[in-house]
Amino acid sequence: HFGDTIVIDDALTATSSAASAGVGRAQGRYVWASKGNPELLVTMEVLLTSGPYAGSSVTVVGRDDIGAAVRELSVVGGTGQFRMATGYVLWKTVRLDHPNAVLELDVFVNP
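Residue numbers (my numbering): 255 to 365.
Read the hints as simulated data drawn from the structure, not as lab findings. One thing to keep in mind: the hints can contain errors.
Claimed, not checked - Label pairs and their calculated CB-CB ranges:
#1 257 - 334: 17 to 23 Å
#2 353 - 322: 15 to 21 Å
#3 283 - 346: 19 to 25 Å
#4 258 - 365: 34 to 40 Å
#5 321 - 364: 15 to 21 Å
#6 330 - 264: 18 to 24 Å
#7 309 - 352: 30 to 36 Å
Using N, Cα and C, we set each Cβ at its ideal position, and we do this for glycine too.
From just these sequences and the hints, can you work out the full model?
Have a look at this one:
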């Protein structure tokens with residue numbers, strides 16, 4: 255897997271339910287970055303399309319050790335209401351149906 259790149263344009267929903275309302279898109283890429291453990295380098299734009307933050311985005315970058323229960327990635331910027339944002343994302347796998355997964359993202363942005 256080392257070096258493989260996966261480009262994403264995934265739905266973001268309010269909850270992990272398939273029936274949940276859409277709130278945006280996760281657009282970016284995963285790169286298999288480790289020759290040993292299953293670890294990805296994530297670069298992703300969290301684009302919000304509904305609600306009070308519609309039209310704004312948060313830029314997320316970091317290492318995803320997919321074997322860990324909870325992973326922490328960095329918020330390194332954004333657009334609209336999140337321009338120049340910093341913070342972090344707590345990221346966990348809710349459901350895995352290879353090659354697809356449902357992830358829960360808790361995003362914390364500094365004011």
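Exercise for the section: Report the numbers of all earlier hints that the structure fails to satisfy, in ascending order. Expected result: 1 and 5
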